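Protein chains in written order, with this note's numbering: chain A, 1 to 129; chain B, 1001 to 1331.
No lab work stands behind these hints, which were simulated from the structure alone. Predicted model only: the values in this text are computed from it and were never measured. One or more hints might be untrue.
[Said to hold, decoys possible] Here are the simulated BS3-like cross-link-like pairs (lysine-lysine), alpha carbons at most 25 Å apart as the crow flies:
(1) B:Lys1170 / A:Lys23
(2) A:Lys79 / B:Lys1113
(3) A:Lys71 / B:Lys1168
(4) A:Lys104 / B:Lys1061
(5) A:Lys79 / B:Lys1066
(6) B:Lys1066 / A:Lys104
(7) B:Lys1107 / A:Lys34
(8) A:Lys87 / B:Lys1107
(9) A:Lys51 / A:Lys102
(10) A:Lys102 / B:Lys1171
(11) B:Lys1107 / A:Lys79
(12) B:Lys1113 / A:Lys84
(13) A:Lys71 / B:Lys1113
(14) B:Lys1170 / A:Lys102
(15) B:Lys1171 / A:Lys104
(16) B:Lys1170 / A:Lys71
[Said to hold, decoys possible] Where chain A lies over chain B, by a calculated footprint (3+ residues, C-beta under 8 Å):
(17) 1017–1030
(18) 1039–1051
(19) 1160–1174
Just so you know, even glycine gets a beta-carbon here, dropped at the ideal spot from N, CA and C.
Residue-level listing of the chains:
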Amino acid sequence: MSSDDVAFSEILPVGCPPNDAIKSDGRTAFRLIKMNPPIPEDFFSHSKLAKRKPPDVPLCNWMSCSLNADKVPLINFRKMPRFKDFKFIAVLRLEKESGMIKEKNGHIDFWMYASFNPIDACEIESADP
Amino acid sequence: MNNRNFLLEATISETLLYYDGPQLVLLSGANGDKGIAVAITRDGMEYPFFACYIHQKILEKYLIGKVDLYYLFSNASSSAYYFFDLFLVKNDIVSLERVSEDEAQNKDYWPEKGFFSSNHSSVLSSRTEDPEYININGAWDMSELSLFFKKFSEIYAILFIVNFNVRKLKKLISSRYWQGGGSYLSFYDSLMEEVENSNLLTLKSIQYASPGKLGMVGNTVVINKVVDLIQIFENHSVQALQAYRSIDRILNNEKLKSSEASTNFSSQSIENYVKNQADIILNALGIDTQNNPFFDACNCNVLIYSKLVLSIHRRVDSVHNFISEGRVQLT
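Construct the complete structure from the given sequences, taking the supplied hints into account.
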């Protein structure tokens, strides 16, 4: 629970999101997904998918949904072994009511509010160049 | 720990791509050898990676965008490949398991061609405290030393940002008026502020003699990129100067030097010509203009692009003048 007493989609540990995370501000962000139409699990964090966290990965990052500030890098991520089957990109419109974000070098950690439904807030595009 | 196990351990020195967990990491072997590893899917492992060791020179080429990730794996040292499980990492140390020759050919484990370092989510801090030296000769006064280092630093800053944070470059360019004078100076000042502290270029030592040397500390990959760029320019400075003068003349004639970014050229053919001349200048610096991050960062605005390229040329030319005078040797 943040200082604003807004419920996140998962119970986050103390200090998560970090102090330098901000409310999303009407920006667009992008996420690779496998299928069209998307399902809620496409936007779950690893934690919410009940995947065990490797020891050296911070828990707060493990509990975020990875987004990207630009579409082009995601198209290139599909050249990585784990993302070859991700054929679509969800284009998300993130408002203040969507959640908290922290961007670094194009990667965005997104901690969404419980009230936010990413499927309603996205459009789906092909991830082909 | 027996010797065999020791050889099969590596340290994760950097996560290069993080997206839903680490996807690409840099490894350091016991002897300082460098390795690279991509996250894969494989039965029996929780968070498997496919890894190989690579020659330092090839890694540097990858980090400056000269070769892709597939090339790294194709040039693995001793053609040896390994698995490790990130879930078993302890203090950044992983145990490597040698992959059989047959299994190493499984294309499910390999990145596809065309993934370059510009897609990384982290800036590699290749800073070492060992200086990169530049040989100097002849007589210098302090203002000349200061000018040389300032221009070198400005080239370093723009190459750093364009390689590691092109989005930031785009923002900085769009926030400027590009109407001459101070706007260029403040642009480069802002660029240098954007270089993370861990990668700042600093002048560590001045051995003032004839010959002497300047010791610079910063991101070694980018320092070498600046040196490469100036050396390439040395062989193409005449073409670059002709292109510079052509653009300068047109911007004067069209009264575009102090005009707003949205101002149009008088015709499409002149705009095309200016774009082509700006490309010639970048080519003279060894920068590929087929996939041109500078043009993209200018939102494909030819007027801004041409002004940016002219500003780069002035800085490279300023450094190159010291070489022409025989007072600097880049080796």
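Restraint check for Lys102 of chain A with Lys1171 of chain B, where alpha carbons must lie at most 25 Å apart: Within the cut-off at roughly 18 Å; holds.
Proximity test - 8 Å, beta-carbon atoms, the segment 1017–1030 of chain B to chain A, at least three hits: holds (count 8)
Holds or violated: Lys71 of chain A to Lys1168 of chain B, with C-alpha atoms at most 25 Å apart: Cα-Cα ~16 Å, so holds.
Restraint status (C-alpha distance of Lys104 of chain A to Lys1061 of chain B at most 25 Å): Between Lys104 of chain A and Lys1061 of chain B the Cα gap is close to 24 Å, so the pair holds against 25 Å.
Hinted pair Lys1066 of chain B and Lys104 of chain A, Cα distance within 25 Å: The given pair, whose Cα atoms are some 24 Å apart, holds under the 25 Å limit.
Given hint Lys1113 of chain B paired with Lys79 of chain A - CA-CA distance at most 25 Å: With Cα atoms ~7 Å apart, Lys79 of chain A and Lys1113 of chain B stay inside 25 Å; holds.
25 Å Cα cutoff - pair Lys71 of chain A, Lys1113 of chain B: At roughly 19 Å apart (the allowed maximum being 25 Å), Lys1113 of chain B and Lys71 of chain A satisfy the hint.
Straight-line alpha-carbon gap Lys87 of chain A to Lys1107 of chain B, limit 25 Å: holds (18 Å)
Restraint check for Lys1107 of chain B with Lys79 of chain A, where alpha carbons must lie at most 25 Å apart: Distance of about 11 Å is within 25 Å: holds.
Holds or violated: Lys1113 of chain B to Lys84 of chain A, with C-alpha atoms at most 25 Å apart: Holds, at roughly 12 Å.
Proposed proximity, Lys102 of chain A with Lys51 of chain A (alpha carbon, max 25 Å): Status holds; Cα separation ~22 Å.
Check of the segment 1039–1051 of chain B against chain A for coverage (Cβ-Cβ below 8 Å, three residues minimum): holds (count 6)
This entry satisfies every hint, going by the numbered hints stated previously.
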